[in-house]
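Given the coordinates of chain S, work out where chain U should sit on it, guided by the hints.
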Amino acid sequence: MAESLGLKMGRANLEEFAATLADLARADGNVVAVTSDSRGSGKLGPFGQEFSGQLVEVGIAEQNLVGITAGLAAAGKRPFGVSPACFLTARSLEQIKNDVCYSDVPATLVGISAGVSYGALGSTHHSLHDFAALRAIHNISILAPADNFETRGAIHAAAASDKPMYVRLGKAATYSLHGSETKFEAGKSIPLRDGNDAVLIATGETVIHALLAAGQLARGGIACRVISMHTVKPLDVEAVVKAGRECRAVLTVEEHSIHGGLGEACAAALMQDGRNVAFRIIGIPDEETVTGSQADIFRHYGITMEGLSEAVTQLVRPA
Amino acid sequence: MTDYALALKAIQLRKKTLEAIFEAGAGHTGGGLSCIDILTVLYHRILHVSPENPSDPDRDRYVQSKGHSVEALYAVLADCGFFPESELKTIGRYRSHFVGHPTRHVPGIEMNTGALGHGLSIAAGMAIAGKMDRAPYRVFTLLGDGELAEGSNWEAAMAAGHYRLDNLTAIVDHNTLQITGRTRDVCSNEPLDEKFRAFGWAVVTVNGHDFAQLTAALSKPAEQGKPTCVIANTVKGKGVSFMEDVARWHHGAPSQTEFALALIELDAAEAVLEGNR
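If you read the sequences in order, they're chains S and U.
So the first sequence is residues 127 to 445, counted in this note's numbering.
So the second sequence is residues 149 to 425, counted in this note's numbering.
Simulated from the structure, these hints should not be mistaken for laboratory data.
All of these numbers come straight from a predicted model, not from anything done at the bench.
The beta carbon of each residue, even a glycine, is placed where N, CA and C say it ideally should be.
Heads up, a few of these hints could be off.
[Said to hold, decoys possible] Some residues of chain S that are not near chain U, with every Cβ distance over 12 Å (derived):
| hint | residue |
| --- | --- |
| 1 | E183 |
| 2 | K223 |
| 3 | F405 |
| 4 | R406 |
[Claimed, not checked] A few chain S residues that face chain U, going by a derived Cβ cut-off under 8 Å, partial list only:
| hint | residue |
| --- | --- |
| 5 | V182 |
| 6 | N190 |
| 7 | A196 |
| 8 | D225 |
| 9 | D230 |
| 10 | G433 |
[Unchecked claim] Cβ-Cβ distance ranges computed for the label pairs, FRET-style:
| hint | chain 1 | residue 1 | chain 2 | residue 2 | range |
| --- | --- | --- | --- | --- | --- |
| 11 | S | Q398 | U | R243 | 21 to 29 Å |
| 12 | S | A298 | U | D281 | 37 to 45 Å |
| 13 | U | E418 | S | G202 | 15 to 23 Å |
| 14 | S | E364 | U | R396 | 50 to 58 Å |
So that you can see chain S by itself, here it is in the shape it has in the complex:
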């Protein structure tokens, strides 16, 4: 289906991250990776070999990973703390809140194999809470790139920023969604398709499914806008409100709990703009998450071309 839209398969965002970090490290000796036995999962094995002096391994100790990352940042380094999102944003949440955000150091935290990337490993390894947890903490941007281009953009934005940033990456290969003319700016969403019947505001690895759904809906006469909301916080409120004013229905899509994530952020933006628009949050419901591959779980919860098409249709053309 993606190929029919002219999309080409890229590599995993994790791999793009590792390559981008290597480029940054080559140019700036202060760029440092901090890992918690996560070099393999973070695709940072080659990085560690090429930049052995710019990698700090702390072992399986995520609290220390974040504390050391904060200390490195305070002492003039540009550290990227890399660990599976499930552990990084739960076990070390207090270190993120205090050592990184409250102390306001230029540290980037990279949550790898996020969402249900580790779907079959069970809920211990799912991170469906990270947007919610971090959205409620002051002074950290939250980015969830949809493809390699957005990943590279997010990592460059993190390296250039003096502020804390969280970048959430999946481990599946992703389709390239953007043309060469697209510019990446943290906090500024990217429109992927125009339309005013409905809008799908999606983030991370769900964006491709929103785009495919819009293609299918177009064949049925429904013009669906698609927005890649790569930055969950600070939210591109302008784009959300504009979509809410121009479209008959707003649907949000995320690989996250339906509580506290992109959907609720968009709902708040729309409500506060006085919009009473047909609205639906699509994500992982508040239940013991089904297990299986990421694709299985997406299918189970309707985060697929078919599922999203159906959800849009229900909102736009109620039976």
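Relative to chain S, chain U alone:
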């Protein structure tokens, strides 16, 4: 600064710490008094820090992991000229930067601390950065013995040993009391020296109120290729008889009478010191 001058300074700083807590109506009295001799030695004999150039990349770093003893740190920093002493009157007041735990809004403070078990990791990160840069600075952190129940300390201790961070010194304000009572009764974490040694540290135990011992232990790393842990045996509430070694004084401001009595004792100690000169 001579031992005599340091001792005098420490008594004056005890008074300023108590005054700050009394004025604020709240604060961590016992732990402040137990660590003030350590802070006095650090800021007057050890740390290369200066209020004129507080962001010098080569400055020594001090991270107060036991952040609740912040009033003592404020008193020391004011005395060193990082900010006017009058600002201590704003502790705990609406919109004051002088909150009940350290923040970087206050000149001279490196990191925001106060949740326990964070400072050692941060200090280790700074020490690793120093090693990477081959920088001359040393990194110090002050831990409470009760605080060492936080498991994150031991993650940091392990990494510091692994990376042979001899530019890192952790001082344990070993006053043996926490808010509930004796640390060994609450949940014993002794023997601390053996634990740190097992994690690859060089350990020195000193009387935490003895300026000469503290100076010797803090002047240089105890052993090349190892982080140093200085276990400073202290008395919570040190210097005020009715506060000494009493868990109740972990947190809480003295009453008007208690404050007056404390000042009488400290004035007397100052007079004795001057008389013995």
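Which of the stated hints cannot be reconciled with the structure, identified by number in ascending sequence?
1, 2, 10 and 13
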